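Chains as they are written, first to last, in the numbering used here: chain G, 1 to 179; chain U, 1 to 66.
If you're looking for bench data, these hints aren't it; they were derived computationally from the structure. What you are looking at is a predicted structure, and each value in this text was computed from that prediction instead of being measured. The beta-carbon is built from N, C-alpha and C at its ideal position, and this holds for glycine as well. Errors might be hidden in some of the hints.
To be verified - Using C-beta positions, here's what the derived DEER-type ranges look like:
1. G:140 <-> U:7: 38 to 46 Å
2. G:37 <-> U:5: 24 to 32 Å
3. G:32 <-> U:6: 34 to 42 Å
Claimed, not checked - In silico contact screen, one side only, chain G against chain U (beta carbon under 8 Å); selected entries:
4. 17
5. 30
6. 175
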Amino acid sequence: MGAGKNMYITLTGTGSLELEPDYDGTDEVYAVKYLPYTDADYLGLELAVAFYSTPVDFIATIYSVKSGIIKWGDIYVDTYSDKLAIHDINGYEAIKTGINVEGTAKQWYLIKLILNMKENKYHTVQWNDEVIDVSNYIMPSTTGLSNTDGISIELMAGDYGVGTEEVFVDYVILTVEEG
Amino acid sequence: MVHTLPDYTAQYKTLMGIQSADVYEAAARLGSVDRITRTGKVYWMDDFSNGIWGWIISDSIGGGEA
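Extracted from the complex, chain U is given alone in its bound form (with noise of 0.2 Å):
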């Protein structure tokens, strides 16, 4: 639908950076008896099926992995 409102205007404009169909499903899909609450707009989400790629990794003087 075409708005009719210059292209230069805040109005309407979108806080989502990434807007995903399903996804709060995820949990569902785990096969969980507990149901999370399913609120919000999703900004942003991970479910690892790309490996640990985009995140950093760190340890302390021990040690530890990831």
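Isolated chain G (complex conformation) (with noise of 0.2 Å):
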């Protein structure tokens, strides 16, 4: 299918974006968003998820493009595996295990994401109400094609070939944090 084929809204409250990849245990579908840069020591990235039906990929990802160099840093939500992960130079890395999302009422889970753009380190992981240390973990960048400075935010969902999942997002916020 398409970009932007079969686009809808599902209302719960102001509206969401459902993210629906086909599935056949390859399938990847990506919302993006290209915002303009801003010179921040640390970034933040809130967001509202749901899973309708698992299991799935998760991965919301900003990337921050300054004089050609890009620098990013991502959550990784397996509700294969029930774990979170952030990816550091070295790969993914598991930083909490034993997640389940899969219950019989559907939730929202609160995501904040942020990110030491002075020291290209990870900061902190919320996931719900726990706050995870992840400052130890030292971001990926590159050197990369993009001469256009800005921050993309990229939101990913992925399927395991199961089955039909759809992952909902209610809302994105992306805030300047103070060290």
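With the hints as a guide, bring both chains together as one complex.
Below, the structure written as structure tokens:
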């Protein structure tokens, strides 16, 4: 299915973004928002996410591009292995296990990722009311082809090939944090 | 209040592109028992009340939709 096709809004409160990958085990669907660059020591990304059915991958990523250097950090919700992970310079590292988003009652999960842009490190990840210190993880960065300064937010849902899975995102907030 | 600074000064410059009030109440209005850390200043937000305007949607070869 092509980008932009079958767009619709699910009415949960004011509206939600629904990401629904197909289900042959390799499918991913992305929603990307491009924003002007802001020079911040810390950036925060806050989301409310619901998992209508599982297993599904959900990854929220902040990219910051300044003078051709791309810094990025993400939060990965793996509902198959029931874990949270972040991608540091060595790959994905689990930061919390035993999460269980599969329940009889669907609920919103609150996520807040804070990146230390000044020192190129992660800062904290909040999962509902639990704050996880991830300040010992180094953010990946690379010299890319992009010469346009900016910040982008990428939301991705990927399937595990066992059915149709949907992820709902109710809101996204990008914040400038103080250290 | 009028600052006594020339109009070309960089002092008091703001980094905020958008400042909105009470956006941190969004989580509270959802009725969750969980509480998000309400730190930081809002640079940008979207609650999808206007659909997915401004978002770029793409998918892998296999497909999907948003």
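* Verify the interface restraint on residue 30 (chain G): the C-beta must sit less than 8 Å from at least one C-beta of chain U. => holds, 5 Å
* Do residue 37 (chain G) and residue 5 (chain U) keep their Cβ atoms within the hinted range of 24 to 32 Å? -> Taking Cβ atoms as reference, residue 37 (chain G) and residue 5 (chain U) lie about 25 Å apart, which means the hint holds.
* Is the hint on residue 17 (chain G) kept, meaning its closest Cβ partner in chain U is under 8 Å away? -> OK, holds: residue 17 (chain G) within 8 Å of chain U, min 5 Å.
* **residue 7 (chain U) and residue 140 (chain G) - C-beta distance against the hinted 38 to 46 Å** => Given a distance of about 41 Å, which is inside 38 to 46 Å, the answer is holds.
* **Interface hint status, residue 175 (chain G) versus chain U (Cβ within 8 Å)** => Holds, because the Cβ-Cβ distance from residue 175 (chain G) to chain U comes to roughly 3 Å (cut-off 8 Å).
* Evaluate the given range 34 to 42 Å for the C-beta pair formed by residue 32 (chain G) and residue 6 (chain U). => For residue 6 (chain U) against residue 32 (chain G), whose Cβ atoms are near 40 Å apart, the range 34 to 42 Å holds.
Taken one by one, the earlier hints all hold for this structure without exception.
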